[in-house]
Every structure is written in structure tokens, then in C-alpha cells.
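Chemist: Chains as they are written, first to last, in my numbering: chain A, 803 to 1028; chain B, 803 to 1028; chain C, 803 to 1028; chain D, 803 to 1028.
Any given hint could turn out to be false.
In this list, chains with the same sequence are indistinguishable; a pair is considered to hold if it fits within one copy or across any two.
To be verified - List time: in silico SDA-like cross-link candidates among lysine to any residue, alpha-carbon distance up to 25 Å:
1) LYS1017 to GLY858
2) LYS982 to GLU863
3) LYS1017 to TYR832
4) LYS982 to GLY858
Quick caveat, the hints were computed from the structure, so don't treat them as lab data.
There are 4 protein chains.
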Amino acid sequence: MTAADVRTERGTHREQREHVAALHSYLTRYQLVTWTSGNVSERVPGEDLFVIKGSGVEYDELTWEGITVCDLDGNAVDGVKRPSSDTDAHAYVYRNLPEVNGQVHTHSPYATAWAARAEEIPCVLTAMADEFGGPIPVGPFALIGDDSIGRGIVETLSVSRSPAVLMRNHGVFTIGPSAKAAVKAAVMTEDVARTVHFSRQLGEPLLIDQDDVDKLYARYQNVYGQ
Amino acid sequence: MTAADVRTERGTHREQREHVAALHSYLTRYQLVTWTSGNVSERVPGEDLFVIKGSGVEYDELTWEGITVCDLDGNAVDGVKRPSSDTDAHAYVYRNLPEVNGQVHTHSPYATAWAARAEEIPCVLTAMADEFGGPIPVGPFALIGDDSIGRGIVETLSVSRSPAVLMRNHGVFTIGPSAKAAVKAAVMTEDVARTVHFSRQLGEPLLIDQDDVDKLYARYQNVYGQ
Amino acid sequence: MTAADVRTERGTHREQREHVAALHSYLTRYQLVTWTSGNVSERVPGEDLFVIKGSGVEYDELTWEGITVCDLDGNAVDGVKRPSSDTDAHAYVYRNLPEVNGQVHTHSPYATAWAARAEEIPCVLTAMADEFGGPIPVGPFALIGDDSIGRGIVETLSVSRSPAVLMRNHGVFTIGPSAKAAVKAAVMTEDVARTVHFSRQLGEPLLIDQDDVDKLYARYQNVYGQ
Amino acid sequence: MTAADVRTERGTHREQREHVAALHSYLTRYQLVTWTSGNVSERVPGEDLFVIKGSGVEYDELTWEGITVCDLDGNAVDGVKRPSSDTDAHAYVYRNLPEVNGQVHTHSPYATAWAARAEEIPCVLTAMADEFGGPIPVGPFALIGDDSIGRGIVETLSVSRSPAVLMRNHGVFTIGPSAKAAVKAAVMTEDVARTVHFSRQLGEPLLIDQDDVDKLYARYQNVYGQ
Chain A
803 MTAADVRTER GTHREQREHV AALHSYLTRY QLVTWTSGNV SERVPGEDLF VIKGSGVEYD
863 ELTWEGITVC DLDGNAVDGV KRPSSDTDAH AYVYRNLPEV NGQVHTHSPY ATAWAARAEE
923 IPCVLTAMAD EFGGPIPVGP FALIGDDSIG RGIVETLSVS RSPAVLMRNH GVFTIGPSAK
983 AAVKAAVMTE DVARTVHFSR QLGEPLLIDQ DDVDKLYARY QNVYGQ
Chain B
803 MTAADVRTER GTHREQREHV AALHSYLTRY QLVTWTSGNV SERVPGEDLF VIKGSGVEYD
863 ELTWEGITVC DLDGNAVDGV KRPSSDTDAH AYVYRNLPEV NGQVHTHSPY ATAWAARAEE
923 IPCVLTAMAD EFGGPIPVGP FALIGDDSIG RGIVETLSVS RSPAVLMRNH GVFTIGPSAK
983 AAVKAAVMTE DVARTVHFSR QLGEPLLIDQ DDVDKLYARY QNVYGQ
Chain C
803 MTAADVRTER GTHREQREHV AALHSYLTRY QLVTWTSGNV SERVPGEDLF VIKGSGVEYD
863 ELTWEGITVC DLDGNAVDGV KRPSSDTDAH AYVYRNLPEV NGQVHTHSPY ATAWAARAEE
923 IPCVLTAMAD EFGGPIPVGP FALIGDDSIG RGIVETLSVS RSPAVLMRNH GVFTIGPSAK
983 AAVKAAVMTE DVARTVHFSR QLGEPLLIDQ DDVDKLYARY QNVYGQ
Chain D
803 MTAADVRTER GTHREQREHV AALHSYLTRY QLVTWTSGNV SERVPGEDLF VIKGSGVEYD
863 ELTWEGITVC DLDGNAVDGV KRPSSDTDAH AYVYRNLPEV NGQVHTHSPY ATAWAARAEE
923 IPCVLTAMAD EFGGPIPVGP FALIGDDSIG RGIVETLSVS RSPAVLMRNH GVFTIGPSAK
983 AAVKAAVMTE DVARTVHFSR QLGEPLLIDQ DDVDKLYARY QNVYGQ
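Isolated chain A (complex conformation) (with noise of 0.2 Å):
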């Protein structure tokens, strides 16, 4: 595919489009992206396609029209924007997690800076047990341009509860039943990666025991919003 196939613009799934575009503002407004890196995408409901955001297109500049539909090989579909370069690694999720509708990628500092460590987050908070049910893990080192990154997201996030990997020497990617739930998670993870990397400079912080986690976890899932 290249930028020429997708100058068709038809404009279909033009409110999720709008809907995600406007999602990115939870990006910038929290500080985990830097200029043009960072993405958003949502599953198409009943169809075999999903919208992301378009590769380079900056934040100040991004409508609906920064949004490009693909179908889950990766390939756009619609759109006037040659879609982001992180497209195979969402296309991946989304073939194999099918109740995965929404994902994140970012490469938010604190949570960053622990995957370039690769070491995971340890659960030493109750809002990290309420979101992530234990520690953030981290996922393998993963060349782009094939389905390196996406294999190691899913083989990662699938025997953990938490909706966020850190990708080694990369960054965060997230899942979620929806892009906001999505995006939620790639908030939450930069902020537990930021207060339990302000802990540990200054010691050890204390663990949960794991039977208070599950408690937590399993009280957040059922009960916490309206």
C-alpha cells in the first residue's frame, strides 16, 4: 500500500472517526506524547476493519480526516492518510484478541522509561490493583514491519490482567473493550509508572499483599462509576 492508494477518500465511518480523532486529546492533555508519535484506534463494530490515526499527522492538526480506516490486515482502506506505522501491531491485536476493541500506543515517559529498563511495574498502589489487577508487564524486544510487536503484545497480555504492556526499549502499548477504555489505561499506566518510579528513588516501596489485590481488583471491575 502507499500514500497514492489511499488519496479515495469516501468518508465512511466518518463519527467513529471523529470519535477517535477526538480521543487523542487525552494524549496531549496528560503529556505522554511528543509531537507526532502515539496513536489511537477502535475496532469497527460488525465489520472486519478498524480506524487509526494517520502516520506523522500532528496533534494540532488532527480531525477526522487525520483518521484512516484499515481492514485487519492493515491495509487503509479509506482515508487520505497513509495509516500510522504502529498499524501492523494493532492489526495483529485485533486478529487475535477478539474482545479487544480499542488500543493505545504511546511512549509516555515514566512508563517508558521502566521498559527501557524492561522491568515491570510492581503492584505498590491500590489504584494500580483496582486497574491492572497486579504489576504492568513487559513484553519482548520487537523490531517494526512485521508482526514482531503485535505477537509480543498479545502473547504478553494474554496471561495478565493488566490492559497495558511495556515494550522493551519502546513504549506502552494498551487494550481495552473500547479506545476510551483503551486510552484510560494508557493514562493510568503513566501515572502509576510515574508515583512508583517517584517511590523507588527514594527506597523500596511496600507491596500489596496478593490477596488484597485480587480483593481490590475484583471490587473495581464490579463496582467503581455509574
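Since the structure of chain A is already known, use the hints to place chains B, C and D on it.
Modeler: Then chains B, C and D, alone, in the frame of chain A:
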């Protein structure tokens, strides 16, 4: 109480709910909260009631209708939102500390980093002596869902001059004679948690003599402001 | 002097009070202040007076009426707000350093972290050599309420090229030929305190030779700007 | 050249000066600059000229009139502001690196912290491999006022893939095929300086194999974006 129970908005205490909704803007401005975490509550003067943020309400959408009126057992009595999941803790504090009229809860990152190590913040700044009258103490680990958190707050603050407590592995709870005073205490807690964190990163900050702490505290509580 | 004494606003020096009120926006923009901490003052040209922020006034509400006119003993002579609790220190400096026309006080976090360890900031940046002509020195511990703070500022800055002093366990005081120059010094103090802090966290920053510091300082004081 | 010399504004190259003035907003948005420090320049296509920020101009007041046109010896030829005190360094680079059309200088804090230790930033992030093709190198200590800084930039970058150099005890200089490309390099320099700083604070980040660095760099320079 279920969410359905509160769908009988009568719009009582609207002015106080607007005031408390507006106070939450300090939490976002000073970056004490992430996503929907954190909450402010205030006792209703002359009634066995308090108002508190609804659970999982986003800060951008927080109006008086995002604030729910509760009785002192934490049951919602007016509003359209289920009250904060921290309502039981607030209710316990109002029942047991009659001089407290406002409370704030956050996971502000520097203060929560101390909480994750269960380490009090030592009094090494004149601003800490002014506001907190000594170190900011640590409360016990407590699970959400019963009176444990409230009891931990009350027991810790009953033997301290500090209006703030760092609940272990969790975050910050502050009290005050009004919601705004508790907000100020939450803002100042993060401020001093951060500065003392920075100071400790490169050596050992110097303790202020207890005698001087006492003088600063006495003066500040009586003289500062208009 | 009591708050009641100043409720006789005559509105003198309004233009200068507007100017000084507006300068406080630099303190919030660069995050040098939290809640109502921090203040800017300026000598009134040709009169034995200075103008200074009122005590406990919030930055969002700071207009010319939040600035009070004082004599050089620190007594309010015009305004509706009791002057800053740091007024005695400012007054002492104006009485003793006739070339000083502006002053700023903050608890900016990185600089105050050095102050809490009573450690001067070493001159390891060309920007520090430019602005401060060497290290930023530490002043003594001093209680508020008499001339101790002012005396500490004057004694420390009298033997330094630096327009900024880190008062032990307290915060930053800066001086300048105008209030704006003192504001710039406060902004640059936090900037270099932060960068040198970061540098020291991972090793030992390299000192600049005194000879080079002298050249940089001489050049910057004479050539920079318009 | 004195300030008076440039008070003969003819308004040439207005469009490019507007463009370069506007690019400075990235420096403030990403907090790369403090007060008036930092500057962007761009070569005038087809002429032996470049445009650069005026010395000591505040960012809030920066319009096309705050940008001065210089010849390749650094002499102002059109404008109302004396050009940046870093003009000699920019001029040297334009004279010696004909493929460079844009430059940026900042004292961005994390990158400058590495510069103060004269320590290169190791390549431990895939985003660094993409953008910088390896570590970000350190240039020599150099005084302002002659060609020393320019020579240090050119010598360091001539033997590196990186578009950014950390000048010892000073700050960041970046180059690019356009001013915007150099701005992006400055933004990404601070981004990776910060993440690698965080990672090193708690251990040793893992180096990426040179082979993988080469693959990532080749791919990114050819494929990314639209």
C-alpha cells in the same frame, strides 16, 4: 443503595454543590488528580448531611449535578450520580470529627510516593511548619469497602497537628474547617511532598528544630492572610 | 498595624501597583508559587515607599487593589489588603541596599530543595555564569517576625554577584534594579536549580573554570538584549 | 554592528520571518526554553542570508519583527532587533554545512543536565534509533563571542548521524533540512533526554544492538510520515 436510587434529583443544596464542584478545579490545576480519581466533600451546615463528588465523573463535565448529597452514613439522599467510592471514608470522618467540615482525597504523585513507602514527610521547610505544624504522618493500609480507611484517617490525624494523612499504598486525605481549607491542605501536601522529595534525592535535608516549628506554626495559624 | 488600618484605600501609585500585580503572572506561569505563596515588590521612585503583594491574596484575583503601599519600615500606608507576611524582609532590604528597586520571594521547588539542604548551587552552566556570575549562595536559617530574614538576605548577597539567595529551609529571595529584573532572577534561579539538580542525580556536573565564569558574566551584563 | 544599525527595517523576507517566529511556539509549548533563552534560525533559500530571533525578545511578544535577517557572517542586514547572541554560531554552521537550512538552540533542562556532565545520551529507545540513529553526542566547552561554538557543533555533528549535539555546560544545538525539522529534533532531544534520565535513575537501561539501531534508523528516515 444502588445507582437507580439516586435518579430522583430534587436539586437541594444547589449552591453548596456548585461551590464544591468548582473547588475540584484546584485539583486539576495543581495536577493532583488523574482521570476521575480524587474528590472533595463538605458538610452541610446545620444538617446531618454532606455533599461529595459522584463516582467516576470526569472533571471536565463536573457541574453541581455531579455532586451528590449524602447522609452521615454515606447513603445518597439527593442527586443523579452514585457518590464517590470513597464516601464511606468521608462519612466516618464527619461522624467522628465534628470540627471537620471539609475533606479532600487525592492520589497526588509525590505525596503518594511517600505513602507507598509508608514514610512520613519530615518537617524541613518553614512552609511545612506553617501549614502542618510538623511532619505529615502516615496512616495504615486499609481496604476500601468498610470503615477501615475512615478509621485510619481519624486515628492518625487525632494525634497530629497535620490536616493531611498519607494512607499507606493509597494516597492523601485532608481535612479542614471548610472544603476550601481541605483543598488548600491537599495542594500544600503535594507541594511540600515534592520539594522534600527533590531535596532528599541529593542528600539529607536539615530538620527544623521543634522549637522553631512550634513558633512558626503558632504564628501562621494566628496571623497569616486577611 | 492591623488589617483595619489599611481599609482606607486612596488609590495612590495605581500604575505601579498594576505593573507589580501583572508581574506576578510570571510566578504562576513558571510554576514558582503554590496557592498564595510568593510575592513581588518594587520601590516607589523618589519616595521612601514600596509596593508589595497583599497577604494571602490568590493569584487569580490579584489586581492593583491586591497590592499595598508600604513605608520603608514595612507599615502599610495605602491599600485594602494587609501586606505580605514577608514585608519586613523586603523593607529591610530596601533600607539597606539602596541600589535595589525590586524584590521577589518564592518557594520554587527545585531551588527550595537546595535550600533545605543548605547547599549552594554550583556554577556548572554557562547560563548560570551569565546571570549569577557564579554559584547561587545559601543564607542562614531565620524566623519570620523581625529583621532576621532581611539581614540574612543582605549579608549573603553583599558578598556575592548573585541576585538570588537560597534562604535555608525556606526558599528563594531575589533582588534587582527593577521588579521585573528580580522576577527574571527568580525565574532563572528555578531554571538552573532544576537543571543542576537533574545533572547531579546521575553523576557530577563539571564546574566551569572561574576564569571562564568571569568572562561570561562580564559579557552578559554588558552585551545581551536590545 | 550595534543595535542602532538595525533600526532601518525594510521588511524583507516577511513571510519567512513570520514562519520562523511562529516556530518558536513549539519551544514554549514543550517547555524547552525559559524567559528569552533559545532561538530558531532558517537559511533564506537562494540567498547568502538567514533569519534568526532577536536577542532578549520575550516569546509572548515575538512577531516577524522580532526576527532579524543576517548575512552568513552574522551581520544584521534587515530588522529592528539586534540578532540573538548565538548568531555567530548559527552563521558558522550555515557557512560550513551547506545541507543545513535550519537550526535551533535551547537550554532544555534534561538535555542540558547531560551536557553539564559532558555525557552522551545512550541509544536505549527505539524512538532514539529512529530519529538520531544512535547516541546524542557531546560537543566541547566553548565560550561565546567567536567561532568556538559553531566549530564545536560542526565538528561533532560531522561524525554523527544525530541532528543534535549537547554542547558541554551549555545546552542543545540542532540542525535540519528546514527550521521545522531542527525544531522537531530539539523537541525529540529533550523527550529522549528525559526518558533516558528517568530510566537511569533506577538502574541501567538496556542498549539496543547496533544492528537493530541501523535497521530502525534506515526505515524511519525512508518510510515514516506522509
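Chemist: Run the structure past the numbered hints and jot down the numbers of the failing ones, going up.
Modeler: Hint 3 contradicted; others consistent.
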